[in-house]
Structures are given as structure tokens and as C-alpha cells.
Amino acid sequence: MYRYDAVDQKIVDERVAQFRDQTARFLSGRLSEDEYRPLRLQNGLYIQRHAPMLRVAIPYGMLSSHQLRMLADIARRYDRNYAHFTTRQNIQYNWPALERVPDILADLATVEMHAIQTSGNCIRNVTTDHFAGVAADEIVDPRPWAEIMRQWSTLHPEFAALPRKFKVAFNGAKDDRAASGVHDLAFDVYRGADGDVLLRVKVGGGQGRTPRIAVTIREDLPWRHLLTYSEAILRAYNRWGRRDNLYKARIKILVEALGPEKFAAEVEEDFRHLVDGPSTLTDTERVRVEACFIDPPYLPEAEAGADLAARRAQNKRFDAWLRRNVIDHKRPGYAAVTLSLKRTGPAPGDATDAEMDAAADLADRFSFGEIRVSHHQNLVLADVARRDLFALWEAADAAGLAQPNIALATDIIACPGGDFCSLANARSIPLSLAIQQKLESRQEEIGELAIKISGCINACGHHHVGHIGVLGVDKHGEEWFQVLVGGRSDSQITLAEILGRAVKAEDVPDMVARLVDLYLAKREGAERFIDTAARIGIAPFKEAAYAGLQAAA
Amino acid sequence: MSVLIKLGADGPFIAEGAPAAVKTEATPRVVEGGRGDARIATYVKKPVPADAKAKDWRDDGFVPLIEWLAGERGAPPIVLPTDDPFTLAEHVALPLIGVAFPKFNDGRGMSQAVLLRKRLSYGGDLRAVGDVARDQLFFMARCGLTSFALRADQDPDDALRAFADFSDVYQDSADGLSPLFRRRAP
Ligand code: SF4
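Order-wise, the sequence lines are chains A and B.
When the letters of the first sequence are read in order and numbered with our numbering, they come out as residues 1452 to 2004.
When the letters of the second sequence are read in order and numbered with our numbering, they come out as residues 548 to 733.
The set of hints was computed from the structure by calculation and includes no laboratory data.
Where is the CB? At the ideal position from N, CA and C, for every residue including glycine.
Wrong hints could be hidden among the right ones.
Only part of the chain A face toward chain B is listed, based on derived beta-carbon distances under 7 Å [stated by the list, open to error]: (1) Val1458; (2) Gln1460; (3) Glu1736; (4) Ala1985; (5) Ile1987.
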């Protein structure tokens, strides 16, 4: 993974000093609340429902075991012994004391981490595929490009006060696991006929109140122009994005208002003046950054593989885990393993300090000391020798991290919702628990099903791209939910459709169960829920959803 | 009067106004140590933002660009966030141009400054005017602004320190530094 050099370290250290000073000025009354807000936000510090919340960046989801132990330690020393992994591959602390946040940032800096631009109207943490570098279907490893983007966007002086937040994603695989289509700016990284790296540039995707899928404005952009082209896009957005209405301020609204062709023409016009300028990437820089993402020292003898058949036959839970949580690797003899943070009970994506320490130990023992955070709010050990899988499973199971539920009904994505978030209309966490309880015993039979819950229209729980999406709405101060069907975030990205009127929280689990029953009744062969939904359309789901519910509800 | 900071060859200095002119009376905020202090909620209340439209840049010694282009030449022009900076293409010999920052969280002035410097090769003094506070100065200087009419409540000595917040930067902007990747030791 990328390691800081002296300059990277210095910039992060100076950022800590700067924020310490800003916080001191705020606490002494010399800096107004209004002015402190954007400064603290650009260091990941929110003021939430009960307390401040600190969001720490995990660039494109990559962590060393050493860093994960520090995250656990921070949960212990400054918070309530747990933290929450987010749908943006970040981690959030829900109960830090405001005046201690500079100390937390200083501790993070000792392990090459920070909270820079994890919030605020700026370029946010860059995300990518959690199987980057190991996926069998990968075309180009997107991580060097994500790292180059991270550096360029860090403390960018011109783009620190954009109309609204700006999220960037990279996808380098055939199957898009980065949900790139719902980002403000996304790059597909691929190879041209001569083998060199090219970029497809997509803009204007996003969820929230006005969900949109990103449109391609440029194909076959040579990699050298990644930053200059991005600069032209950001400048167009900074200058012309709406600032009068919070809900119309994302780049998707600008792209739609201008039309993608006109927007692309404006970008190309500016790019014409930037092309081949100083920000044009060099071979030296590409080589330097790519060298950080070379393969770990895979053991050739591991390629002989392991015969797991006997273990599987003896142990049903291990067998289920192998089927659900383990995927093929580009190297024979290796596998990528997901450690589930979806236990029926704790909030999806929450991990205690002990669990984080345990996961760090597993990474050291089984996966070259590295671990990833997925936007599904799980942890990934990307490089496990197949012959170690049983030992890993036993250790993960002992740590409570081996629920065999990846991509199943209980692998729910949920935002923090009304339990923590001050913007929420409804509580996502209790609802996700109720749905988990409802479907847990049948999840193997149901198969792949992505349920995604957001506590409000901001859609942090990605409900627009859930096979089943659930959205909290406010009705006369009560918690109600709208249910959606048919969304997906992969290469065939589709936005889910609302089934109909909102229902009370207590009616949602049964409604979801009815949708599942309909699918099971209609499925043909090996169809997944999303395949059946695509084939039969939304109408039967609308009907099933409200069957038996009081019309007057 | 408010303090004017300029960037000189030896770094930033106070060009006008008394260095210790304005020390605002500050009342420390009480923050309970510990976790989840409910009183934190009182921080969230937003003060009503000053009405940006009401601002007359003539009070700051500038004429809004559109009026300036229409012939009102009593003072140098100031580029507002919605203005087209390329209309100044014929006027790059001006010694001073203002860039308006009606609100500290409106970043359009940053792009206006970059375009004036890099696309029009403007070489004169480019002044940040308006809601110009300590915590924007480092970025403003990077975007090619060379003088800063500080908001009245700002501590000038503190503001001078802002230019040294970071000793290095990653990206190219309009202050003449090349991107870090072109300067890194191999
Ligand atoms: S979706 Fe709404 S409720 Fe949930 S975390 Fe985002 S802003 Fe908060």
C-alpha cells in the first residue's frame, strides 16, 4: 500500500497543527461558529444529534493492521469502545469530545492517517473496488490512480469551497464494485489497443433527493491527463454549480441543466489550455505510485492449493462461509475473504475496539498485514492462501467476524440514521435489525439480496441502488418508510423504483418479507432477486407490498 | 480602517492599517470535557449570514466589473463571483484588480483569480476583498491573490502566520509552484 514520504507526513502534521489552532480559536471565542463550521467539516468533524462525530478517511478503503489497531485504540481512549465503518469506506467515531479532536488527529497522523476532507463542500475521500489488485476480473488496478487523485485533491486551494460535496470513485474491473455510477466524478480505468492505461470519464452521478446515474463525457482519455481533466471539471463546477439552493448544488444538477454535451464542451475548452501543462502526470510519478501497489510476496507453494473438501463435508458452517464470504483471487491458491460486520444485533458496519484488534491480528496472520473496508461496510482480507482458510475461519469465528452472510439478506447496508444523525427522519438501525431477524433463517434460500436503508433523502445508506431500498420519511413527526425495488450498483447500475405510499416502521419487515415471498414464487432457475425483478417488472412487487395492509394506513 | 496584507518578495507584510488595530473581545466557550456533551448542540445554531447583495464594493475602493467595463473608471475593477473574468483580457496592464469574496464559503473567487493569472497572464496586484479571513489566506495566496483586505475583526498578526500553515503542497495552482510530483526526490 501507499506509504508516506517525508513531505506527505509533513503536510498531515501541519494540518493537525492548523486544526489545533483553529479549534483553540473557536474555543476561546475568537472564531465564530459560522466560520469554524467549514473548517471543522473539512477535518471530518460534525456536530451530530448527541455529540460531535469524527469521520476519519480511509483512502480507497486500504488499511494496514497497524493503522487498524490505532483506530481501535482511538475508540478505546477517546470514544465508547466502538466505531462505525461507512458506505464511503471511512470510519466514524460517534462520541469524541470536541476539544480532544486535535489530539485524535495527532494520533492518526502517527500512522499516516487523517480526517482531511471527509466532509464539507470539497473533494471527499476517493473510493474504489474493495477487491482492487486481487479481483480475477480486474483490467487495471485502480489504486495508484486513486492515490494520485487523493494527493491532488488534498488541500486543493481552488476547490476547497465548492457549491457542495464532491465524491470521486475509480473502477478498474469488468464488474463495477465501486458503485462508480453514483459518484459526482468517476473513472473507469482500462487498457487501449497498445496496452496503455486509458480513462473513461463519467460525471453527474449521485443519490440523494435527485438520484442520477453518471454520464460519460470522455472516452479513451490517456492517463497522463487525469489531473488536468479533473481540474477542468472541478473548475466548471466551482464556477457554475448552483449555490442558491442546497438541493440543487451537486454537479449532477449542473450537468443536467447544461446538458452533458454542453458541459463536456465547457470542460474540453478549459482542458485545451491545461493539457500538457505542469499537472500532466509523468512516467516517474506513475512508476513511483504503482510501485506501492505491487503484489505481496505470494508463496509459490500455496499455488498447490488446499483440499478443503473434507473440512467442508464435516463442517456446515465452514462450508456456508466458504460459499458466501470467500471469492476467487487472480492467483490460484489464494482467495479474498470478507469479514462480516453484519451481526444480527449491532448496527451494520459497527465494530468494537476488540473486533478491530482481532481483525488486525487476522490480517497479520493471514493476509500480509493489510485489510480493506468495503462500501458494504464489511472488512476484507484480500490475500489469503487457500490452505489457511480453515484456520482463518476458526479464528474469525472466535472473534465473531465469520457470519456467513455476504451479499445475503442480513448483509444490510444502513446509515447511522436517527440514532445518531441530526438530519435523519427515521432510525435505520432498529429497522435493519428487525429486517435481519425477519429474514435470517431464510437467507440461504433467498440467496443474493442487497437491502439498503437510509434514514433520510440524503441516501447515505444507498437505498436508490438496493435490490430492496428503504427510505425514512417524516410524517407528522412519526417515523415512516418508503420501500423501493429494483436498484443495483454494479456495471448494470439501475435506480430503484418507489413501490407506493410510505408505511410505518413496524410494517416494513413484513412488507420486505412479502417482496421476498413473491420473488421466491416467481423465480426461474438460478435467478437472483434482482434478475427476477428485472424480468417481471415492478408492478407485481407493488401489488405484493401492500397486500394485507390496511388501505387507510 | 481594515488591515491590508501584501505578499512581498520576503513574504507577507502589513501594508496598511495598524498591526494591532483590532483585537476582538473574545469570550471563551465552555465545553464540558467528556463524551457526548449535549450542550454542544448550542454550537449548531447558525447566525444569519450577512446579505452579500447589499455590499457595495465602492466602499472598498473598487468598481464592480460590469460597471467598470461600461465606463465607470473612478477606481480599479473588482471581479464578482458571477462575472466573466475573460472580459478583462484587454486590461491586463492594470496595476490592481479586486476579486470579490462576498462570503468566506463561496469559492468562486478562487477560480476567478486562477483564470486571471493563468489564462490572462495578469501580472499586477490581485486583491482579495470582502469576507477575507485568516483561514482562507493560505489558499488565496496559492490561487494567485497577492494582497488581502482583511475583514475588520481579523487579528493581523495571526493572519500573517496563515501563509506559513503548510510548508509544502501537492498540486499546481497559480502561485508558481510546480506539482509536488515534479519536485519529489526520486
Ligand atoms: S441518509 Fe440521512 S439520516 Fe442517514 S446518515 Fe445520511 S443524512 Fe443521516
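Each hint, compared with the structure:
1. Val1458: Holds. Min distance 5 Å.
2. Gln1460: Nearest chain B Cβ about 11 Å off; hint violated.
3. Glu1736: Holds, about 4 Å.
4. Ala1985: Check failed: Cβ of Ala1985/A comes no nearer than 42 Å to chain B, outside 7 Å.
5. Ile1987: violated, 47 Å
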